[in-house]
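One-letter residues, chain by chain:
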Amino acid sequence: MKNNLIERYIYAVTRHMQEKEATEISQELDELIASMLLERGDHPGSEDEKIREVLIELGSPAALTQKYTGKANDSLIGQPHYSLYLKVLKLVLMAVAIAITIAILVSLINEVPSVGSPETSSWLNWSLNALIEWTSSLFSALLGGFAWVTIIFAILYHQGVKLDFDVNDLDDLPEVPEEKARIKRGELIAELVFVTLFAVLFIILPYVNLPIIGIAAKPIPLFTPEVLINVRYLLIASLFTTILELIVKFVDGRYSLRVFGATILASLFSIATLFTWLGNPQALNPVFAERFQELTGMSIYGLNGQPISGFGGAWAMLPFPFLIVIIVVTVVSIIEIISAGIKAFITKA
Amino acid sequence: MEEFEITFENVIVEMRRGLTNLVVLSQCQQPAYGYELVKSLAEKGFQIEANTVYPLLRRLEKQGLLSSDWDTSTDKPRKYYQISPLGVRFYDRLKTHWFQTNETVTEILEETK
Chain A
36 MKNNLIERYI YAVTRHMQEK EATEISQELD ELIASMLLER GDHPGSEDEK
86 IREVLIELGS PAALTQKYTG KANDSLIGQP HYSLYLKVLK LVLMAVAIAI
136 TIAILVSLIN EVPSVGSPET SSWLNWSLNA LIEWTSSLFS ALLGGFAWVT
186 IIFAILYHQG VKLDFDVNDL DDLPEVPEEK ARIKRGELIA ELVFVTLFAV
236 LFIILPYVNL PIIGIAAKPI PLFTPEVLIN VRYLLIASLF TTILELIVKF
286 VDGRYSLRVF GATILASLFS IATLFTWLGN PQALNPVFAE RFQELTGMSI
336 YGLNGQPISG FGGAWAMLPF PFLIVIIVVT VVSIIEIISA GIKAFITKA
Chain B
7 MEEFEITFEN VIVEMRRGLT NLVVLSQCQQ PAYGYELVKS LAEKGFQIEA
57 NTVYPLLRRL EKQGLLSSDW DTSTDKPRKY YQISPLGVRF YDRLKTHWFQ
107 TNETVTEILE ETK
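Taken in sequence, the protein lines are chains A and B. Using our numbering, count along the first sequence one by one with no gaps and you end on 384. Using our numbering, count along the second sequence one by one with no gaps and you end on 119.
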């Protein structure tokens with residue numbers, strides 16, 4: 036019968052290996068230990084002492100396992116991916132925390148006790164509820180963010196996906212970006228927070244979207260939820276193209292041709308979304324429009340109820356602020372595209 | 007002095023890492039089992055521990071440089087390793103490289119004597 040200590044030692048070495056490998060290595064170790072014991076045949080001491088001597092010479096089971104299974108990439112995420120992983124993780128967690136905090140506040144505004152409520156207990160309940168909601172949502176969102184970033188980087192690392200800074204040819208080393216062409220970290224964080232917030236309010240919580248308080252008995256959403264739901268595919272496409280733009284900006288760190296391309300794509304989707312969504316006369320919650328008229332004595336549609344000259348069809352009677360938003364955002368997007376193009380081409384020249 | 011010794015040991019380990027591959031391949035021209043290699047190399051003055059040789063033999067086999075066979079004819083089954091055709095090519099190249107490196111390093115060290 037095999038000595039129990041040897042069996043236990045071999046088991047400790049092989050227990051976490053794959054079955055086939057474990058069987059083979061067990062047989063090998065068995066052979067090795069037998070050979071080493073044979074060698075010590077005429078040494079003084081009991082059989083048990085000799086076994087202990089041999090096993091001590093072989094070293095700790097964990098160290099031996101490490102020698103058998105040790106690989107260059109035996110970590111979940113190793114270098115050079117790890118440095119980038121940490122950077123991305125920090126950015127994502129920060130953005131998630133800010134966006135979730137704002138989104139929770141916005142969604143809870145719906146449950147705010149009526150303004151001027153004398154009952155302290157209802158305010159206390161609301162605050163307590165808000166705190167619980169915020170803590171639990173923040174916890175699960177951070178956990179989700181952490182998991183996704185980690186999983187993606189683990190896959191990239193183990194698939195050996197080369198990152199931007201892995202270059203084989205010296206000429207392929209990226210240019211040191213000029214100050215003007217450099218994309219600031221703060222800019223990326225602001226955009227990331229905005230995108231997350233946009234996704235939460237308009238895609239995940241269309242029935243809440245932007246709650247307006249103080250003009251009705253209960254907070255009312257500024258935008259008509261049904262219209263938001265109708266354009267949700269455009270909203271999602273716009274979200275993804277913007278995330279893509281952010282990723283390219285983050286990886287390149289400067290206004291490159293790729294950033295230029297991604298900016299064009301994201302801007303086109305944003306403009307298309309804006310035209311389809313806010314260009315719909317029903318996009319503004321009619322309840323809000325009604326209350327607005329009652330409170331100010333003015334119509335929010337067109338120019339105080341009159342068609343806006345220079346615009347045809349439904350556009351002439353769009354809510355005036357919407358028209359301004361559409362025009363401003365379109366102009367800003369075009370300027371952004373041009374500026375990204377200039378920065379990309381100037382630094383390339 | 008402690009740190010001096012540790013640093014020295016670390017450098018020795020680094021130096022021997024590649025050489026161990028070369029030496030083990032050299033001893034597998036004929037079928038050999040792990041412990042036999044440990045003993046024969048020790049007799050020749052190249053001390054290498056069994057817990058290094060066994061994992062190394064497996065790794066070289068996985069890389070296609072060695073092939074193996076279990077000999078079950080005795081009551082103590084043993085796994086014999088022998089160099090493969092790919093291993094022969096690898097070993098020849100490694101050996102040439104070692105001779106060249108050895109010569110160059112020796113020359114450099116002789117200069118500064």
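Keep in mind the hints are simulated off the structure, nothing from the lab. Glycine is no exception: its CB is placed at the ideal position from the N, C-alpha and C atoms. Heads up, some of the hints might be wrong.
Unchecked claim - In silico BS3-like pairs for lysine-lysine, Cα to Cα no more than 27 Å straight-line:
#, chain 1, residue 1, chain 2, residue 2
1, A, K85, B, K45
2, B, K85, B, K101
3, B, K85, A, K85
4, B, K82, A, K85
What the hints assert, rightly or not - What follows is a set of in silico ranges between Cβ atoms, one per label pair, in the way DEER data are often shown:
#, chain 1, residue 1, chain 2, residue 2, range
5, B, L92, A, E371, 54 to 64 Å
6, B, I18, A, A189, 17 to 27 Å
7, A, I224, B, G70, 28 to 38 Å
8, B, M21, A, I377, 55 to 65 Å
9, A, I187, B, F105, 33 to 43 Å
Q | CB-CB spacing for A:I377 and B:M21 relative to the 55 to 65 Å hint | A | 56 Å, holds
Q) Between A:I224 and B:G70, does the beta-carbon spacing fit 28 to 38 Å? A) Once the Cβ atoms are compared, 50 Å apart, the range 28 to 38 Å for B:G70 and A:I224 is violated.
(Q) Taking 54 to 64 Å as the stated bounds, is the beta-carbon spacing between B:L92 and A:E371 within them? (A) 57 Å, holds
Q | Holds or violated: B:K82 to A:K85, with C-alpha atoms at most 27 Å apart | A | 19 Å, holds
Q. Quick one, are A:K85 and B:K45 close enough, alpha carbons at most 27 Å?
A. 18 Å, holds
Q) Taken at face value, is the distance from the CA of A:K85 to the CA of B:K85 at most 27 Å? A) 23 Å, holds
Q. Has the given pair, B:K85 with B:K101, been kept, meaning a C-alpha gap of at most 27 Å?
A. OK: B:K85 and B:K101 at ~26 Å, within 27 Å.
Q: For A:I187 and B:F105, compare the CB-CB distance with the range 33 to 43 Å and indicate the outcome.
A: Check failed, 48 Å falls outside 33 to 43 Å.
**Q.** Supplied distance hint 17 to 27 Å, evaluated on CB atoms of B:I18 and A:A189
**A.** 35 Å, violated
Checked against the numbered hints above, the structure breaks hints 6, 7, 9 and satisfies the rest.
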